[in-house]
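*Asks:* These are the residues of each chain, in order.
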Amino acid sequence: MTADSTGTGTGASSRRDVLLAGAGLAGGALSGCLTRVDGDVGDGLSGSIAIAGSSTVFPLMSAMAEEFRREHPDVSIDISRTGSGGGFSNFFCVGDTDFNNASREIQPEEEELCASNRVEPVEIRVATDALTVIVNNEAGFVDCVTVEELQQIWGPDAVSRWSQVRDDWPDAEIQRYGAAETSGTFDYFSMAINGEEGAHTSDYQATERDNDIVTGVTGNQYAMGYFGFSYYYSNPEQVTALQVDHEGGGCVGPSLDAAAAGEYTPLSRPLFTYAAKDALAREPVAEFARFVVEQSGRQELVADAIGYVPLNDEQQAEQRDTVEKAIEEVQQ
Amino acid sequence: MATETTSRDDFGEVSQLRGLLFEYLSLGASVVGILALALLLVYVTIDAFGLWNADDAWLLAYVAAFAFPAVGFLLYAADDPRVTRQSGLALVGGLVGFFALFRGLEALGMGVPRLSWPLAYIFGVLVPVTGYVGYAAYQRPAGAVGIGLLGRVAGGLGLAVAVTSVFVIADVYRWFLVFTLGIAPAAAIYAAGRVRASRPLTYLAVPVALLGAAAGFVLREFLVVYPRQWLIYALTLGVPVAVAVAALVWRRRGERSAAAVAVGLVAVVTTLGYVSGMVGLSRAAVVLLLLTVAVPVGLQIDRVLSHGRGSVGLLFPVVLVAGALAGTVLVDLLAATGPSPWLDWSYVTNPPSTTIADDAGLYPAIVGSIFIITIVALLSFALGVGTAVFLEDYTPDTGPLATVTRLIQINISNLAGVPSVVYGLLGLGLFVNLLGLGFGTVVVAAVTLSLLILPIVIISAQEAIRSVPDDMRQASYGLGATRWQTTKNVVLPESLPGILTGTILSLGRAIGETAPLIMIGAPTTVFAPPEGLLARTSAMPMQIYAWAALPQQDFRYGVVAAGVVTLLVVLIGLNATAILVRNRYERSDG
Chain V
7 MTADSTGTGT
17 GASSRRDVLL
27 AGAGLAGGAL
37 SGCLTRVDGD
47 VGDGLSGSIA
57 IAGSSTVFPL
67 MSAMAEEFRR
77 EHPDVSIDIS
87 RTGSGGGFSN
97 FFCVGDTDFN
107 NASREIQPEE
117 EELCASNRVE
127 PVEIRVATDA
137 LTVIVNNEAG
147 FVDCVTVEEL
157 QQIWGPDAVS
167 RWSQVRDDWP
177 DAEIQRYGAA
187 ETSGTFDYFS
197 MAINGEEGAH
207 TSDYQATERD
217 NDIVTGVTGN
227 QYAMGYFGFS
237 YYYSNPEQVT
247 ALQVDHEGGG
257 CVGPSLDAAA
267 AGEYTPLSRP
277 LFTYAAKDAL
287 AREPVAEFAR
297 FVVEQSGRQE
307 LVADAIGYVP
317 LNDEQQAEQR
327 DTVEKAIEEV
337 QQ
Chain A
-7 MATETTSRDD
3 FGEVSQLRGL
13 LFEYLSLGAS
23 VVGILALALL
33 LVYVTIDAFG
43 LWNADDAWLL
53 AYVAAFAFPA
63 VGFLLYAADD
73 PRVTRQSGLA
83 LVGGLVGFFA
93 LFRGLEALGM
103 GVPRLSWPLA
113 YIFGVLVPVT
123 GYVGYAAYQR
133 PAGAVGIGLL
143 GRVAGGLGLA
153 VAVTSVFVIA
163 DVYRWFLVFT
173 LGIAPAAAIY
183 AAGRVRASRP
193 LTYLAVPVAL
203 LGAAAGFVLR
213 EFLVVYPRQW
223 LIYALTLGVP
233 VAVAVAALVW
243 RRRGERSAAA
253 VAVGLVAVVT
263 TLGYVSGMVG
273 LSRAAVVLLL
283 LTVAVPVGLQ
293 IDRVLSHGRG
303 SVGLLFPVVL
313 VAGALAGTVL
323 VDLLAATGPS
333 PWLDWSYVTN
343 PPSTTIADDA
353 GLYPAIVGSI
363 FIITIVALLS
373 FALGVGTAVF
383 LEDYTPDTGP
393 LATVTRLIQI
403 NISNLAGVPS
413 VVYGLLGLGL
423 FVNLLGLGFG
433 TVVVAAVTLS
443 LLILPIVIIS
453 AQEAIRSVPD
463 DMRQASYGLG
473 ATRWQTTKNV
483 VLPESLPGIL
493 TGTILSLGRA
503 IGETAPLIMI
513 GAPTTVFAPP
523 EGLLARTSAM
533 PMQIYAWAAL
543 PQQDFRYGVV
553 AAGVVTLLVV
563 LIGLNATAIL
573 VRNRYERSDG
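For the record, the sequence lines run as chains V and A. Each residue of the first sequence is one higher than the last, beginning at 7 in the numbering used here. Each residue of the second sequence is one higher than the last, beginning at -7 in the numbering used here.
Because the hints were derived from the structure by calculation, they are not lab data. Among these hints, one or two may not hold up.
Claimed, not checked - Just some of the chain A residues that point at chain V, by a computed CB distance under 8 angstroms:
#: 1; residue: Ser345
#: 2; residue: Thr346
#: 3; residue: Phe519
#: 4; residue: Arg528
#: 5; residue: Gln545
Unchecked claim - Chain V stretches covered by chain A per the calculated footprint, using a threshold of three residues with CB under 8 angstroms from any CB of chain A:
#: 6; stretch: 58 to 72
#: 7; stretch: 78 to 88
We treat Cβ as the ideally placed atom computed from N, Cα and C, and that holds for glycine.
Build out the structure end to end from the sequences listed, making use of the hints.
*Replies:* This is the structure we're talking about:
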């Protein structure tokens, strides 16, 4: 039909109009090609959730957000890595974000800032981070160390031989493998063991790859290393984890239970996310808060995929109560 | 000519040592710089495409079946014995040389990590030689035709991707309404006005366009029935393309063929689009590919055939496709393991992941980056060129205003050196906290980045405007032109290439900036592309930064490298577009 109409036009403009009309007609003729565009499909839950805060908690929250989006594809979630403090002071306490991740508890000044902007933080514990000190499987002479001994081995004035720490240990050189200075694990370990961030021997193999630490420790009978709990949790047979004796409280090995119960000190710390109470009035935010609590007990996600210690049932129930109570208060 | 003869007796001996030393130092510096950069890019590419996993046999099979014929064709097209001799020597010598070098290193126990000798050969010899030969071939008809054809295919594919990503952001249904109610009627009225030489009619086009566009925006909220997406493409993109092609054909072959081509084009695109749906292809993709790739390629082929020159060049794409197929067959026969690339289709279309490296994608960040950089380009170009024109041509040389201008000038020069993180803080304080535009939103990111590059854009635009000879302005004034007419018709066209060069370089910097985005709280991870100016968005460097800090090795090497390569590709795409625009202006006005 369009081919016929081309011959009839006289001027260029009318020809163009005819062509346009022809194309439109052709489009119409091919239709059944119309489509109905309605609003949201999906499960009805939609909205946006803004999260900022600690870079330590970032991978965990990011993974949870990923899972959440699979169930509720219309909810848009964005996560910023601003550090715990930066998140609190720049975004959360100003009222810009719904959640703030933190690898420590909120500080009094931050609470004041939040209060002055009428933001009420609701603390939700999401996981526990546990550092694991490992030795070679053949190093049968040691299975438990005290914090003071770890200090001797990893402190700024570190000893060089095992026998210098304990007399009955072999007279062999200690091969040390640990986190690189850029890593948060380095800060945390030096803080927990030596009482000051960055107070750490420089006589060690620094790497950010857990794999390299394992390779080093498995290759030498007199080696020692430390890294996040995750790698040991998924590969417990390659190396031996040392028990740690904190202030004479007895030897405790790193395990999900011990870390969760707070017995594995000083190498375990709680990780948090803080929800803005008013934001919980919005359904997607409340739903996500519930989801976070639910997921914080899941081993496949928290331990296997990310490498933190999941909450135990009791802790999880506690967090659930906190969240439900907060939601109930604002949603009335 | 007045010549003066001077005695050369007192000239004496002049040492050439310093000059030579300077020359070789400069050469050495540039070689070190380029080599360092090249090595970095090579490693990033190897990681992004997982090339170090590939068998040597796999690499060699593709070199033999794909790369050598391509270089061979280019050598034939270049038709220059010197080029042929040099490239042949480099190709064969490089093969032997790298093989011997790597075997020697292995014998000494000093293997190079992640770099096998075929890889070193490909990046060290094959790629540069292909570039060199390609350049030589480009000077002759056959090679130029081949490369031009390839360029059009690549450019068309890029355009298709760009159109798709624009419609992801910009709601294709709204575009349909705006086009149908605003753009199309306005274009028709304007064309009619030009044909009848009626000024009022051409002026009418503007309000019609504005009103129609506004009506489209309003209607979008109520109307729920639309043509399917591929039909929208066929109508809103196909019809303008058909009109443009018809205009071209009209000039070459006259009215009748122009009409036939236009109608035929629309008919073919719609029919093929419809048919492709029945065989299970994506109709929208087929329509887009036809419009962006097939049409320009067809025009190019038509031109080559009608001129009858260099038609052998049309074989080049055939050589490439046949080579790729032959390589695939060869690899199958050898049962060689190929690379496992991180940068694949799913990487470009998936949302990010922080748990499963294989699922990780950059899609929302790519769209976010393009969205941001488009606004940055518009803002910084308009503001930068405006300021530069004002400072150069509109301010007096004396008086109080001149002093103020000098102050502004000094400030601009200093601002160009302010660290980007400070601009980030400015963005946080001014746009986020004071104006309340929302942290990490597209508009805040775009405005902050625009401010960051504005001083550089202004300074380079000023240089370009200053380099326009004053004689031209005086001549224009002498003909009775006003200052505005002189600026519009003489100064701007003359300085545009220079202005664009500065703008392009600045945009390249803006798209890779991370620090200011961190400061304004742009999310490091979002799972969906931004849907408006006030939506929070991530950008490619932010997502790369987030992945680089993850403990898993797969993320820190593979996924991050793929991100870097994607960022570079988008950057090169942007630059290429801008350079094309610039060259066009240089040609038509130079």
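*Asks:* Take the hints in turn and mark each one as holding or not.
*Replies:* We went through each hint and held it up to the structure:
At about 6 angstroms, the closest approach between the beta carbon of Ser345(A) and any beta carbon in chain V falls short of 8 angstroms, and the interface hint on this residue holds. For Thr346(A), the interface hint holds, the least distance from its beta-carbon to any beta-carbon of chain V being 4 angstroms, beneath 8 angstroms. Checking Phe519(A) against chain V by beta carbon gives a least distance of about 5 angstroms; that is within 8 angstroms, so the hint holds. Because the beta carbon of Arg528(A) sits about 5 angstroms from the nearest beta carbon in chain V, less than 8 angstroms, this interface hint is met.
Taking 8 angstroms as the C-beta contact cut-off toward chain V, the hint placing Gln545(A) at the interface holds, the least distance being around 6 angstroms. Counting residues of the stretch 58 to 72 of chain V whose C-beta lies closer than 8 angstroms to any C-beta of chain A gives 8; at least three are required, and the coverage claim holds. Counting residues of the stretch 78 to 88 of chain V whose C-beta sits closer than 8 angstroms to any C-beta of chain A gives 7, which meets the bar of three, so the coverage hint holds.
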